[in-house]
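Colleague: The residues making up each chain are set out below.
Protein chains: 2
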Amino acid sequence: MGTTKDLYAFLDYKAYQLRMLSLIMTTKGGSGHPTSCLSAADLVATLFFHSMHHNPRNFDHPDSDRFILSKGHASPLLYAAWKELGILSMEDILQYRSIHSVLEGHPTWRFRYAEAATGSLGMGLSVGVGMALAAQRDNRNAHMFVLLGDSEIAEGSIWEAAEIAHYYGLHNLVAFLDCNRLGQSTETLHGHHMQRYADKFHAFGWAVETIDGHDVHQIVAASDRARAQEKQPSIILAKTFKGYGIDYVENKEGFHGKVFAADELQKALDALSVRFEKAAHYDGDYVWHSVEFEPEQEKKNDCVGVSLDTISCKKGSMIATRKAYGRALALLGGKCSTIVALDAEVKNSTYAQEFEKKYPDRFFQCFVAEQNMISMGVGFDNRGKIPFISTFGAFFSRAFDQVRMAAIGGARLCLVGSHAGVSIGQDGPSQMGLEDIALMRCLPGSVVLYPSDAVSTFKLVEQMVEYTQGISYLRTTRMDTPVIYDADEDFLIGGCKVLRQSENDVVCVIAAGVTLFQSLDAYEILKEKGIYITVIDLYSIKPLDSKTIRACAKKVSFVLTVEDHYQEGGIGSAICYELAHMNVVIKVLAVKKLPRSGKPGELLAWAGIDAQAIVEQVLAEV
Amino acid sequence: MGTTKDLYAFLDYKAYQLRMLSLIMTTKGGSGHPTSCLSAADLVATLFFHSMHHNPRNFDHPDSDRFILSKGHASPLLYAAWKELGILSMEDILQYRSIHSVLEGHPTWRFRYAEAATGSLGMGLSVGVGMALAAQRDNRNAHMFVLLGDSEIAEGSIWEAAEIAHYYGLHNLVAFLDCNRLGQSTETLHGHHMQRYADKFHAFGWAVETIDGHDVHQIVAASDRARAQEKQPSIILAKTFKGYGIDYVENKEGFHGKVFAADELQKALDALSVRFEKAAHYDGDYVWHSVEFEPEQEKKNDCVGVSLDTISCKKGSMIATRKAYGRALALLGGKCSTIVALDAEVKNSTYAQEFEKKYPDRFFQCFVAEQNMISMGVGFDNRGKIPFISTFGAFFSRAFDQVRMAAIGGARLCLVGSHAGVSIGQDGPSQMGLEDIALMRCLPGSVVLYPSDAVSTFKLVEQMVEYTQGISYLRTTRMDTPVIYDADEDFLIGGCKVLRQSENDVVCVIAAGVTLFQSLDAYEILKEKGIYITVIDLYSIKPLDSKTIRACAKKVSFVLTVEDHYQEGGIGSAICYELAHMNVVIKVLAVKKLPRSGKPGELLAWAGIDAQAIVEQVLAEV
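Residue numbers (the numbering used here), protein chains in the order written: chain A, 360 to 981; chain B, 360 to 981.
Hints may contain errors.
[To be verified] Computed footprint of chain B on chain A; a stretch qualifies when at least three of its residues, placed anywhere within it, have a C-beta under 8 angstroms from a C-beta of chain B:
(1) 574-588
(2) 808-822
[What the hints assert, rightly or not] With a Cα cut of at most 27 angstroms, we get these calculated DSSO-like pairs of lysine-lysine:
(3) A/Lys716 to B/Lys659
(4) B/Lys637 to B/Lys611
(5) B/Lys659 to B/Lys617
(6) A/Lys958 to B/Lys637
(7) B/Lys717 to A/Lys617
(8) A/Lys913 to B/Lys913
(9) A/Lys913 to B/Lys617
(10) B/Lys637 to A/Lys952
(11) A/Lys387 to B/Lys958
(12) A/Lys946 to B/Lys951
(13) B/Lys387 to B/Lys617
(14) A/Lys958 to B/Lys958
(15) A/Lys611 to B/Lys946
(16) B/Lys951 to A/Lys906
(17) B/Lys617 to B/Lys442
(18) A/Lys946 to B/Lys886
(19) B/Lys946 to A/Lys906
(20) A/Lys659 to A/Lys716
(21) B/Lys886 to A/Lys914
(22) B/Lys659 to B/Lys716
(23) A/Lys617 to B/Lys958
In short, the hints are calculated from the structure, not lab data.
Where is the CB? At the ideal position from N, CA and C, for every residue including glycine.
Based on the provided sequences and hints, a complete structural model is requested.
Modeller: Next up, the structure:
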């Protein structure tokens, strides 16, 4: 280990290494943010080689400390640190930002040591909150360290995270603020007025220390004190200088995201070696040791092949799918021990409260702060939990950047949006999820599900647990709908149900949710007139059951889609896209103008997505 | 006017009226949030009948104070106040939440006295910031009053707004926090711990007072002091009780969003008349006077028929459309005096800095806080400005709820998103706008534009100024692209350009932005082989030029769309939808998996949206 004195020289040396590697990487890569690395190098060196109790070869052990790089543009520092830990080679490092490298411009899922994709600012603290909270509930002695930039403090999501961290008493959460004064194009809001930051975090209930972020003695002391906190989360406000170490860029505007050209690199490296002369000639014998963690006992994964009892979904009874979701989630909690539920203070609308009643320790109230809630979910996922995150479908739009980044980070989240469409009625358009399908379909690797009744809700919740490849979204309905399926009916991701079909069908109607029932009503009306239609329950909107849809479409004169969603990006749009290579005529009934308050039935008629509208479309064409 | 003593009795009386009307309205409407109105009735009565210097019949006079209801679920209070001001009738009030009424469950554009659509929480303060800042810059002595709920204080957007209000020294902004302790399903984060709120707003640089929110004496005194502030924005933290005035619901959980049944209404009204006995028998002679404002001189609208000089867009030269946008905006500033520009600390990437250089007084740095920026834009729009709001296309996803609500509020915003698609290269997926078209297309009444060169950028910026019906979005590209159009070419919303067409065309290629140039390259390669294709520049993605697209599509064996956007919700999706009723085969080239860092050209090839991919698709089919 060596003496304490050796430690500081060692950390200075490591910081020097990180600085050099950051310059080399960004010059070689041809782009990047070297000056943003230079300001934080001392912090990162101290974190990785002193503050964190971890083992790079066992980095995700439950007792290991973890590091989240919130200022994702400083990715070279992250990669350099893992190189210094022996995980990456110099060859890896020199591939920074190239198309075949996992060392991307901003961290993504492809670098497995990155806890989250960052690069959209203001999310790392929330990821840390989720991870710290998961560790707390598992009684794990693990600390989460988050490196924040100062520009991102303007993002509201930071303050959502700050408050929730305090609310849950996350003393195992330690944030470092790399306060280098300069943003991308101008000075940050507070520049070097450290007191402004201190006042804010104090007011949000954090333990706060302000230090010189280039003095490893101060960084060590502050992080030791933070690690010893027993009640509050801690933030260390580190006054730093952008470009620190190279005089001609240090603390100067105009050098954000500017790399040193190949022919300037040596000059920059020389400047570093002069500035950090001692570190450049370090010959100390301090040896950093990784922590040897006790091996974990293999735990049985109780989340595979989960089957939920659908006895409460009596065929013919009226149950809103949001209520069915609540019941299913509560049952799921009893079968699958890693399920957690997060809710944005609407648990009595989403029915996530059913889970809370049974498993209060695994239910996390996130209050009306959707952005933090989503990134907290990423943190829970990092620690082996399966987060079910619910709010109104409309309000996922509040956190869509976080959802987008979760997808880029390869996080596995189960999202559930209630109050879909105009059928919610009188509360009006602000509360209606009308673009949620469009948003969720955009995400690479996402699954979008939309059950119509309680049985299919139960079965699709089971499917979400099985889906480990990314984000799954379940859309639920406010109003009661009849249970139409048998209790043992199967529902698979990528499937659909052909509920009505005959040799005489003229039109194939594709619907889901409330409009499925309108379609079934239309079927009856048309049948009276001797006109037959196919009716498909498209409970899996992404992926689609292409084979069935195509086969049904071929048999009729046109396809009619009906949905309680805007016309862009929803069911109709998905079907038009899917059948675009076929000679099939498709008509789309959807919400095509801004809705208003009204009774659910009135609004379905107003939008032209009720049984009558379907009947009229069919009659007009046959 | 009467004596001061009369004032307080009068305000108590008005608060009583507001309470009664809120109960009547919600019972009649069959849904709503009466208990959330009861807590804030004294605040709203005092605001409308004392604090605000306004004239209901001239409410949008530039010198008039304005009111923003951030807690939109308390809409009955808003409508009741305007009823008491003589603008709405009792008949109007009784139509609350019915499909033909403009008095929706949460305020929308349909009630013209609502400054913004609210109901998604945490946005009203930002709207107030925009309005207060616009008034400040116009040297108008107008105050903006915002009523906040306590649940919404958890939303990060509140803290974005709080900081920006302080940054711009908005002493003409006064917020009231209706701190009624209870959220929708549980106690709020801070309950009645008023000091927590006070500490936070203090730390964010606000003047803070804590009062009893049911004592009109205290409300009057505090709002008078707030109105007299000369440096800081003010917040009045009003300790209130949810359901105040009706003992059996007051300060009790379980009554959020619960209306009194028709047969319980009289009991509730009776309870009010007992509790507020004096107010119920008010017979004072206090007379409230509206303010008579000086008539404004009619100003010439200099934003009609604006023409920008395209001399800097030399045909054949290489100019990124983001740079062209900056230049166009700077020119626009000189022609149109109501243009303002907002930027989220990326002005040197979006090139909004070109506007700032020329018109610094009309440029507003919003820092990395996109949510507040969008709602600030709504505020600017409310005061007659035309806000051009720019950031990376990807980062509009951070504020999509605000954009959604702006559309519901009928706001006219000009949004400009740079760094579209994988063609940005090495920075990686977090920085790539790949779902921006999908998001913006969803909005009712939106316009989505995507220029390929500098001339079309200039012309489309002109078109955005002409578009007064809602939100317009312009998508710009990071890399330089050649100027291909003549300086006087016309570009209209809803148009497209057929750049290549012959009698022998086998395929119709539809593209925009960077893929247009890939399509033109493919044209040349195929021409060498004696194969001809139509090439269309779809610069207006919404609305689409259906007529031209359909006519071109009819002449070929298939349509091929090519775009630097995810396959969902973009150009291909729009074309599939548009042509769904025709027997046309469509193939879509788009980004179909999660991208990565790499060189722009490499990534276009990787995604299969470059010239080579187009050539292969055409050759495979002909």
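Colleague: Hey, lysine 958 of chain A versus lysine 958 of chain B, does the alpha-carbon distance stay inside 27 angstroms?
Modeller: Distance of about 53 angstroms is beyond 27 angstroms: violated.
Colleague: Are lysine 659 of chain A and lysine 716 of chain A close enough, with their CA atoms no more than 27 angstroms apart?
Modeller: 25 angstroms, holds
Colleague: Given the proposed pairing of lysine 946 of chain A with lysine 951 of chain B, does the C-alpha separation stay at or below 27 angstroms?
Modeller: 25 angstroms, holds
Colleague: Lysine 886 of chain B and lysine 914 of chain A: Cα distance at most 27 angstroms?
Modeller: Not satisfied, since the Cα-Cα distance of roughly 39 angstroms exceeds 27 angstroms.
Colleague: With the threshold set at 27 angstroms, check whether the alpha-carbon distance from lysine 659 of chain B to lysine 617 of chain B stays at or below it.
Modeller: Violated, at about 50 angstroms.
Colleague: Between the alpha carbons of lysine 951 of chain B and lysine 906 of chain A, is the straight-line distance 27 angstroms or under?
Modeller: Holds. Lysine 951 of chain B to lysine 906 of chain A sits at ~20 angstroms (cutoff 27 angstroms).
Colleague: Regarding the pair lysine 611 of chain A and lysine 946 of chain B, is the alpha-carbon distance no greater than 27 angstroms?
Modeller: Given pair lysine 611 of chain A, lysine 946 of chain B is violated - Cα atoms ~50 angstroms apart, limit 27 angstroms.
Colleague: Going straight from one Cα to the other, do lysine 946 of chain B and lysine 906 of chain A come out at no more than 27 angstroms?
Modeller: Between lysine 946 of chain B and lysine 906 of chain A the Cα gap is close to 18 angstroms, so the pair holds against 27 angstroms.
Colleague: For lysine 716 of chain A and lysine 659 of chain B, compute the direct alpha-carbon distance and say whether it is at most 27 angstroms.
Modeller: The hint is violated at about 63 angstroms.
Colleague: Quick one, are lysine 659 of chain B and lysine 716 of chain B close enough, alpha carbons at most 27 angstroms?
Modeller: 25 angstroms, holds
Colleague: With a cut-off of 27 angstroms on the C-alpha distance, tell me whether lysine 617 of chain A and lysine 958 of chain B pass.
Modeller: Within the cut-off at roughly 17 angstroms; holds.
Colleague: Please work out if lysine 387 of chain A and lysine 958 of chain B have their alpha carbons no farther apart than 27 angstroms.
Modeller: 13 angstroms, holds
When each numbered hint is compared with the structure, violations occur for hints 1, 2, 3, 5, 6, 9, 10, 14, 15, 18 and 21.
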